[in-house]
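Chemist: Now for the letters of each chain:
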Amino acid sequence: MAEIKASFFIECDELLESLQDGLQLMDDGEADSETVNVVFRAVHSIKGGAGAFGLDDLVKFAHRFETAMDDVRSDKLEATHDVLKLFFQCGDILADLVREARDDSPHDPSSTAQVLNEIDALLGSSAEEEAEEEVEFQPMTLSLDLPGIDADPTPASEPSYTIVFEPENELYNLGNEPLFLLRALRELGDMIVTCETVSLPDLDQLSVETGTMVWTIQLTTSEGEGAIKEVFDFVDGICRLEITENTPPTAYLLPDIDLAPELPPLPMPPAAENLSLEAPSAAAENTFLPPQLPEAQPSPSGPPPATYSKPKQAAPAPVNKPAPKTSGGATTPRATVRVDLHRIDRLVNLVGEIVINQAMLTQSVEEAGLPPNSTVRTGLEEFLQLTRDIQESVMMIRAQPVKSLFQRMSRIVRESSADIGKDVRLKTEGENTEVDKTVIERLADPLTHMIRNAVDHGLESNAEREASGKSATGNVHLTAMHRSGRVVIEVSDDGAGINREKVHQIAVEKGLVPPDLQLTDTEIDNLLFLPGFSTAKEVSNLSGRGVGMDVVRSAIQALGGRISITSERGKGTTFSISLPLTLAVLDGMIISVAKETLVVPLNSILETLTLTPSDLLEFGPETHVVNIRNTFVPLLDLGAELGYREPLSDYSGTVVLLIMQEDGSRAAVVVDAIEDQRQVVIKGLQDSYGRVPGIAAATILGDGKIALILDPVDLITQSSGRTRPSSNLEKIAG
Amino acid sequence: MQVLAVDDSRTMRDMVRLTLTGAGIDAHLAEDGIHGLEVLEDMVPPDAIITDINMPRMDGFGFIDAVRSQEKYKGIPILVLTTESADDMKTRARQAGATGWIVKPFDPQKLVKALKMVAG
Amino acid sequence: MTDTSKTPDIHKDGDEIELLSFLVGGQDYSVDIMSVREIRGGAQATSLPHSPSYVRGVINLRGAVLPIMDLAKRLGMQEEQKNDRNVIIVVAVGERTVGLMVDAVSDILSISEEDMQPPPEMRADQNRNFVSALTIVNDRMIRVLDLNAVMPETNEEAA
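Protein chains in written order, with my numbering: chain A, 1 to 734; chain B, 1 to 120; chain C, 1 to 159.
Keep in mind that a hint or two might mislead.
[Unchecked claim] Computed from the model, here is a short list of chain A residues facing chain B with C-beta under 7 Å: (1) His-44; (2) Ser-45; (3) Gly-48; (4) Leu-174; (5) Phe-234; (6) Ser-564.
[As the list claims (entries may be wrong)] Straight-line distance between alpha carbons at most 25 Å, and here's what the computed BS3-like set of lysine-lysine pairs gives: (7) Lys-403/A with Lys-85/A; (8) Lys-403/A with Lys-5/A; (9) Lys-470/A with Lys-571/A; (10) Lys-705/A with Lys-73/C; (11) Lys-437/A with Lys-85/A; (12) Lys-705/A with Lys-595/A; (13) Lys-470/A with Lys-116/B; (14) Lys-470/A with Lys-427/A; (15) Lys-470/A with Lys-510/A; (16) Lys-595/A with Lys-571/A; (17) Lys-571/A with Lys-502/A; (18) Lys-229/A with Lys-72/B; (19) Lys-5/A with Lys-72/B; (20) Lys-113/B with Lys-229/A; (21) Lys-229/A with Lys-116/B; (22) Lys-502/A with Lys-73/C; (23) Lys-470/A with Lys-437/A; (24) Lys-437/A with Lys-427/A; (25) Lys-5/A with Lys-437/A; (26) Lys-571/A with Lys-427/A.
What the hints contain is simulated information worked out from the structure, not anything from laboratory work.
Virtual Cβ for every residue (Gly too), placed ideally from N, Cα, C.
So here's chain A without its partners, still in its complex pose (with noise of 0.2 Å):
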């Protein structure tokens, strides 16, 4: 149970997406009749799936929202774009009360009661009918209106009844089966029944699909007459039905013709197996044919015991019947499959190991010294190929399209533009461009900070836009889309540009440089990425939720990307992020430091040099730092920082990495020598061994040894800076 309740939270989430796509459809005029339908639809599984679980919160208001959906699909009221605006709310909800609800967190109902109060206010006077309806919603069970198993528990004497039954043709055009009907009533108590056949007519002219038979019974029940309707209840209304009670409880009557003790284990003829057609009314006939009418029984050599429904007396015509829709607008779904993610990392992993093995072959065909055109080294050739066709169909099944992501943030512009305010218009493109999920997941905060900023700081109001010559409504677009290996996502406000006078002039006044500092425009945008910059001076409750973009670059940079920003003064900003597709493996530089081989990520390394004699000063005693286009950067040696050796005597002519910290920062990181610079497949450390500070994570290279991978950010922060041998510091441990 608690798989499926899994499923249906999974399911909420697709349901939801095709909620928005459809809203969103509605709003942009392009719906079709059949969008409305899947919105009403989702909503409607949605609340279906809600019930069974018992989530009443989620079923109340999935209730209210489906309502007002059913009243748009029957036309009675509009989907303007004020209805739609507060559809979406009602989408946003749905998919908070989803979420409260598999996460067992309360619902505060005044988050609610607000748009409840609109949706009535829409669906005007059918609202209050529908409240009432909607207490009567509540039904855990079935519709079978049965006082049932609590009523009268006095088994001293059990009342007995006299139920009258006559079907009528439209109960076996429907497939009841009236047999089936009498075994479920004799799981209610004893019960002898008596087949009336006033009506029955000579064999010849028996004609099934008339009803002609007449059931009476006796049946002795504690369970009241309820439970007996409950038996009938399909066939209510179809047949004629008197249940009355008797009066003494005695069974009487016709003990001539008592079938009762045969019932149990009712004779089933053979054709009733596949009952599906005519056979079981001819059976039911068979065995209910009272003996009195020995002669109206069946010979097997005698015509064929007609059927109920053979000739089919046209049947009343379906009222609703729509046709099979083919109309262009319904998509087949994709047909998928749904797997554990464990069993996909297993996979992700195993790739890994192929890569890193075949890395190892192909090095020892190498060193085997075989011809280049040998048949082994073309096999190879081509087996190399295979692996990274696997390799990247196994990393595109952990990817998923964004567009999960960018609905989370239309939602965010919806919420962050009422709130203060303003006219604005999101605009996704891309949305099936795929990512890692993991990617996915750890995108959401970043780009949700970046799209407040882009409402919050980077359009103008509406007034401003307007006496600037553009309309009042602004417009933020989000976009995706895979380019040269890596997707790229942008944020992008057609607003009023970076102000970069203003941005210069805050970060002098905070410090962040020092006010002589010529900056390209370049060099100004990038002080918004700087940790404290964040404008202080115009917190809004929006944007400045105590993150700034410093936060967003690092969390870009946690997952291997970059970010960049262009902006042009009254036009808007733009905000591009470029990642990588996966998390399993990693654009690194194999670099060596006192005999060890180690793998710095490429993405945080700004540039390579060699340091000459001129870029070295003398810090404090124990430390350098490196001139740099006369900005002075810190000299750190890797194999000191490591542990592995102790610090250079001279640093002149050793090669550094100059690399980024993630507030801006930099470092200039020396290393022995560079050997390489290649793609690695990541290898945790942190289960097999624990956290090992300045490094990230392993991997293994084509000889089959382990190199770590570097975590810059962390080594830089953890540093001591040391790069001046003091014998008399105690040595740092290896």
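With chain A fixed as given, assemble chains B and C onto it according to the hints.
Modeler: Chains B and C only, in chain A's frame:
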């Protein structure tokens, strides 16, 4: 017993499947009316059919109609799964050719009971 | 029950445990054979910065990153001269798998439970913490290693 259950909600399908298999009934599942007809075509005629009403491509009414219009399926009991308990619903279901109805969310025991009632 | 056992001292009861015995710094140690995954020759380990001295580093065990512990150091013994005859016993403890670097593997022993003695309380050396039981085989004292105690502490954040 063989039962065909048609519902576009995976959750509902899962629940129906769980309920039926728990009662020793073979469940055949379909996602909408069209799919339901396809599945029906590929199987021995079931002992009963359970169908949702609101579904994409072909809804429950259309599905029942399509089933009932074929001679070989005319006598199959059909139960409608609906979230509406209103009498109106019963009337519509019956007009469409349904044998019985069950209100979602359903009580597993009652679903089985209802099936026994219409299909033995 | 077709007991054609090579070891004559097997008792009827199932209270036998099998131990893998090995030499560390010239002393006899052993571990429950159920926790042993494999035994392999020493490999060049990649050292982990800021790790305790007994952590030799990590090696590639068929694609997995396997931490290697120098057991002699872990047990607080004076390090002998480096010998390359080192053997790695891969053991699984709970969710974790580590390699124990030892001098040499000696034997597989079947010991009945009653022949196991609790280690005496000896405060002077920390060794006590790593030994869960003692037993005598062929006049040699064999220490049964408490693997849980030997595991490197994982949650040591930054050094």
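Chemist: Work down the list of hints and note, for each, if the structure agrees.
Modeler: Going down the list of hints, with the structure as the test:
no., hint, in the structure
1, His-44, "holds, 5 Å"
2, Ser-45, "holds, 4 Å"
3, Gly-48, "holds, 5 Å"
4, Leu-174, "holds, 5 Å"
5, Phe-234, "holds, 4 Å"
6, Ser-564, "violated, 42 Å"
7, Lys-403/A with Lys-85/A, "holds, 20 Å"
8, Lys-403/A with Lys-5/A, "holds, 24 Å"
9, Lys-470/A with Lys-571/A, "holds, 10 Å"
10, Lys-705/A with Lys-73/C, "holds, 23 Å"
11, Lys-437/A with Lys-85/A, "violated, 30 Å"
12, Lys-705/A with Lys-595/A, "holds, 13 Å"
13, Lys-470/A with Lys-116/B, "violated, 69 Å"
14, Lys-470/A with Lys-427/A, "holds, 17 Å"
15, Lys-470/A with Lys-510/A, "violated, 33 Å"
16, Lys-595/A with Lys-571/A, "violated, 53 Å"
17, Lys-571/A with Lys-502/A, "holds, 17 Å"
18, Lys-229/A with Lys-72/B, "violated, 31 Å"
19, Lys-5/A with Lys-72/B, "violated, 37 Å"
20, Lys-113/B with Lys-229/A, "holds, 14 Å"
21, Lys-229/A with Lys-116/B, "holds, 16 Å"
22, Lys-502/A with Lys-73/C, "violated, 61 Å"
23, Lys-470/A with Lys-437/A, "violated, 38 Å"
24, Lys-437/A with Lys-427/A, "holds, 23 Å"
25, Lys-5/A with Lys-437/A, "holds, 22 Å"
26, Lys-571/A with Lys-427/A, "holds, 17 Å"
Hint violations for this structure: numbers 6, 11, 13, 15, 16, 18, 19, 22, 23, all remaining hints satisfied.
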